[in-house]
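Engineer: Chain residues, written in single-letter form:
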Amino acid sequence: MFLGALPFLVVAVAYLVTSGERLAANPNDKLLPSAVHMWSAFLDLATVPDRRSGDLILWVDTYASLIRLFIGVGAATFIALTLGIAIGFIPRVRALLLPFVTVVCVIPPLALLPILFIALGLGETAKITLIATGVAPVMVRDIANRVIDLPPELVAKAQTLGGNSWTMVLRFVLPQVMPRLLTCVRLALGPAWLFLIAAEAIASTEGLGYRIFLVRRYLSMDVILPYVAWITLLAVMTDWLLVRLSHAVSPWAHPVEGK
Amino acid sequence: MSRIVVHGLEKSYGDARVLERVNVVAEAGEFLSLVGASGCGKSTFLRILLGQEQASGGVVVVGDSPIVPQPTPERGIVFQRYSVFPHLTALQNVILVEDFRSGGPFGRVFGVKRKRAREEAEAMLERVGLSHARDLYPASLSGGMQQRLAIAQTLLGRPRVLLLDEPFGALDPGIRVEMHELLTEIWTEHGMTVVMVTHDIGEAFKLGTRVLVFDKVRHDPQFPSAYGATITYDLKLDRKTRASSQDVAKVASMVGTARLDTAVATTASQGRP
Chain Z
1 MFLGALPFLV
11 VAVAYLVTSG
21 ERLAANPNDK
31 LLPSAVHMWS
41 AFLDLATVPD
51 RRSGDLILWV
61 DTYASLIRLF
71 IGVGAATFIA
81 LTLGIAIGFI
91 PRVRALLLPF
101 VTVVCVIPPL
111 ALLPILFIAL
121 GLGETAKITL
131 IATGVAPVMV
141 RDIANRVIDL
151 PPELVAKAQT
161 LGGNSWTMVL
171 RFVLPQVMPR
181 LLTCVRLALG
191 PAWLFLIAAE
201 AIASTEGLGY
211 RIFLVRRYLS
221 MDVILPYVAW
231 ITLLAVMTDW
241 LLVRLSHAVS
251 PWAHPVEGK
Chain F
1001 MSRIVVHGLE
1011 KSYGDARVLE
1021 RVNVVAEAGE
1031 FLSLVGASGC
1041 GKSTFLRILL
1051 GQEQASGGVV
1061 VVGDSPIVPQ
1071 PTPERGIVFQ
1081 RYSVFPHLTA
1091 LQNVILVEDF
1101 RSGGPFGRVF
1111 GVKRKRAREE
1121 AEAMLERVGL
1131 SHARDLYPAS
1141 LSGGMQQRLA
1151 IAQTLLGRPR
1161 VLLLDEPFGA
1171 LDPGIRVEMH
1181 ELLTEIWTEH
1191 GMTVVMVTHD
1201 IGEAFKLGTR
1211 VLVFDKVRHD
1221 PQFPSAYGAT
1231 ITYDLKLDRK
1241 TRASSQDVAK
1251 VASMVGTARL
1261 DTAVATTASQ
1271 GRP
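Just so you know, the sequences run in chain order Z and F. Heads up: the first sequence begins at 1 in this note's numbering, then just goes up one per residue. Heads up: the second sequence begins at 1001 in this note's numbering, then just goes up one per residue.
Check the hints yourself; a few may be wrong.
A few chain Z residues facing chain F, derived, Cβ under 7 Å [said to hold, decoys possible]:
1) Arg94
2) Leu97
3) Pro99
4) Glu153
5) Gln159
6) Gly163
7) Thr167
8) Gln176
9) Pro255
With beta-carbon atoms standing in for the labels, derived distance ranges [as the list claims (entries may be wrong)]:
10) Z/Thr183 x F/Lys1113: 53 to 61 Å
11) Z/His247 x F/Gly1111: 28 to 36 Å
12) F/Gly1029 x Z/Thr82: 26 to 34 Å
13) Z/Thr82 x F/Gly1111: 28 to 36 Å
14) F/Arg1114 x Z/Val249: 20 to 28 Å
The set of hints was computed from the structure by calculation and includes no laboratory data. Note that CB positions come from ideal geometry on N, CA and C, so glycine has one too.
Same shape as in the complex, but just chain F (with noise of 0.2 Å):
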């Protein structure tokens, strides 16, 4: 529901460059799948969008004005662990959402304001199909159903960008296609614009309306460090008609998987309507 826009952005650990001049305008309700080698700095830029790490340059423009060097309600993070809160159960990690936003300094809601929030937080879980485990704490959940919670409790903070930083990279491959039926229908329902962060790309061009490439382009042999990734490659995909299998293996060549074949094979076999 917000545009992103990203103009010149670097990042640079001391010596070592990570990404160097990322341009990249991201319209409302896009679903940007982000590819590229591992260590290329993918998951910095979703960081930098989250604002849990600072850019050494650059503008970073979500909704209308610049972001707020810090992660804020606007912009909603799902990654791959870590993602819900060990010390509450199911259902007392999405009621969080709501005491963390209007809970006051008490940090919880009560009342009827309570009795408000616990209904939605019921019907969330609903929705992601977690009902039967709402009084169960995290580490009894498998590991599907703790990125379900994950995704329920982000969706209920109503962000207006969603990041997602390899929600799914954790995950056994029949799950993971249940995931992505969820993530679909849910981005349909609620418009929102999406990054996501993913090694699979497969699930890149299955699920994205658009895939960026990471990689550097300039090489310096003496000083590896001294340059940064970039996007490389922009491709705008169409939801209906897929995207053809040499874009797949295109793509996979640059960020040169190993696993093209599987790629390939998850794009083919997505049973088109």
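With the rest of the complex left out, here is chain Z (with noise of 0.2 Å):
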């Protein structure tokens, strides 16, 4: 726990520390401002109505990001479920579908932003189809992977036990998944993340992706080291309650230790 800890307490001291001589040496120095500063900064974003358009911004820019990022993900998740285990468990499905995805998953998915800003405008579609299409084909071969790798012994004994594809889809084969798909959630969050700021930052009139790059050109470092830190808190409670929620669903997966 201490150990752990460790690291974090060595990047804050460095930085306040190196933050301190520089306003030392000039107490208007924009690049590494104090904390207290940060802190005013944050706290302003977060409670002060814009005097523009009477929004908290902070909280108007979390909320367009998350239902973009959640919305993104979970349309990625859905696909990668039912492709993923029609490929590894269909074998005709597979004959037809897993060349393709092979190819797919290896076209970088920002090259394909401009393609989907034409195609869908400036909009939220092409910022979630962003996302979506640039996690999916990742977590669709790895599901698909993961039904393939099932002991053949298990598919055998549900259908000596009267299994039907279906249901031993609904009994066996899902069940069997979802571990490894709540692993390949909390994977897909970080590129999810990266396709978000991206999209943000290119066209968008808000999110936390378009705040930062927005007052980037008035070099605030006040506002952006919060809000990474922001980002970063954001990305840390998603990827517990995700592991919380596989324990949840999959007990099994999960054994306690020195039980």
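Build the complex: two chains, separate frames, hints provided.
Structural biologist: What follows is the structure, encoded as structure tokens:
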């Protein structure tokens, strides 16, 4: 616990020291603002309505970004589950789709961004589609592989107990891939944030990524740094929630130590 | 409860022939022990009986009609490993049988049916001595308990033919003896036809009413995989009188086992009633 906290402390102290030195030399330094300064800027964004629009900017940004992120990742998860299980479990679907998915996987999603903006306009659809297309192929492949790796003995066993393709998917394949799916989502959230911020930086009117790139013009490190920390906090919380969810849904995959 | 007829069975993987000219007729209620050197195709034979693999030629009849080329509820199976579902507790594993059989599109029975399935499952767990472990996941069960659970699960499916693929191969000797007793009891009770693949000659003689040895009769030194194995020895046993140690020694030498002593010892030490 203490060892794990050490690197955080080192980084924080290093920042405070260098920031203090720079501010001592030049009180108007914008690159490394003091902690108090950042906190007040952050508080301003969180509690003081914007003069022009009357919105609480932080919450509007957070809401907009999280909605995009969750719809995008949610769609990708749904695609991964249906397509992944179909590819993994039904040999004919595998023969049809696996080569295609494998190729789609290696297309850099950001290269698709202009296409999406042209085809879908600059609205929400393009951003959500970018996130979904960015993370879905890898998830589909991962789930398909997990299903292919299920022991053939268990499939045979389920068949001897009278399971057909559908009930086997429902009672055997689905619960078996659930923990893997949640791990997949956790891993996919990293790239998903990347695509979200990239899309927001290019075309958006609100969102966490939009705000960072907007205030960059004014060298407002006092806004950028707290925003980055805020994004990190959101990401860590989502990850933690997914771990809890995995424990709740698939207790068998997380054996309790020393039981 | 079903007779098994195998006629002219062949199995090849590409050029490599694994089984050839396998003919055997097993009457309903017989207990067949399949022995043979490693890689001689006895497990392949069992998987063909199960329907997991397709024969390259020949006929397999279980009951009155040729088997369909996929596993069905009339043939139950217990493998050496991977025989129970790790995402379900012991009790859920056993209830799953009824869920699959009459659960409809949800693969789950509800209401009164579920209550009955649950009672039946609990009785079955009691029968194999697992009532105390009913809420545990297979990962926290020992190897012997997992196999007992697998047997309970398979039995609830009420198969007419029970296939066993080295079911006790991974267990400790003490546990193995317990499992032998359990299996014998269950077989006497239900009277289904059993086909068991094993590496343990002693086990084969102890449990089976008939021992079948798989081996190659033809050899091509230039191309070892040109010919497959077939049944080279078919020994009917009487459960009452038991096998003589000469028979055991003979089979052991055919299989080429190094564990002849243990095989004879296991068979001899079975305490005749």
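Engineer: Taking the hints in turn, state whether each one holds.
Structural biologist: So, going through the hints one by one against the coordinates:
Of the supplied interface hints, the one on Z/Arg94 is violated, with its beta-carbon coming no nearer than about 18 Å to a beta-carbon of chain F, more than 7 Å. For the restraint placing Z/Leu97 at the interface with chain F, the shortest Cβ-Cβ distance is roughly 23 Å, beyond the 7 Å limit, so the hint is violated. The beta carbon of Z/Pro99 is not positioned within 7 Å of any beta carbon in chain F (closest approach about 24 Å), and the interface hint is therefore violated. Taking 7 Å as the C-beta contact cut-off toward chain F, the hint placing Z/Glu153 at the interface holds, the least distance being around 4 Å.
Checking Z/Gln159 against chain F by beta carbon gives a least distance of about 4 Å; that is within 7 Å, so the hint holds. At a threshold of 7 Å, the smallest CB-CB gap from Z/Gly163 to chain F is about 4 Å, leaving the interface hint in force. Restraint check, Z/Thr167 versus chain F: the minimum CB separation of about 3 Å is within 7 Å; hint holds. Nearest Cβ of chain F to the Cβ of Z/Gln176: about 6 Å, under the 7 Å cut. The hint holds.
Because the closest C-beta pair between Z/Pro255 and chain F is about 5 Å apart, less than 7 Å, the hint holds. A C-beta distance of roughly 36 Å is found between Z/Thr183 and F/Lys1113, which places it outside the suggested range of 53 to 61 Å. The hinted range of 28 to 36 Å is satisfied by Z/His247 and F/Gly1111, whose Cβ atoms lie roughly 30 Å apart. Separated by about 46 Å at the C-beta atoms, F/Gly1029 and Z/Thr82 break the suggested range of 26 to 34 Å.
Checked against the given bound of 28 to 36 Å, the beta carbons of Z/Thr82 and F/Gly1111, roughly 30 Å apart, stay inside it. With their beta carbons about 21 Å apart, F/Arg1114 and Z/Val249 fall inside the hinted range of 20 to 28 Å.
Comparing the model with each earlier hint shows violations of hints 1, 2, 3, 10 and 12; every other hint is respected.
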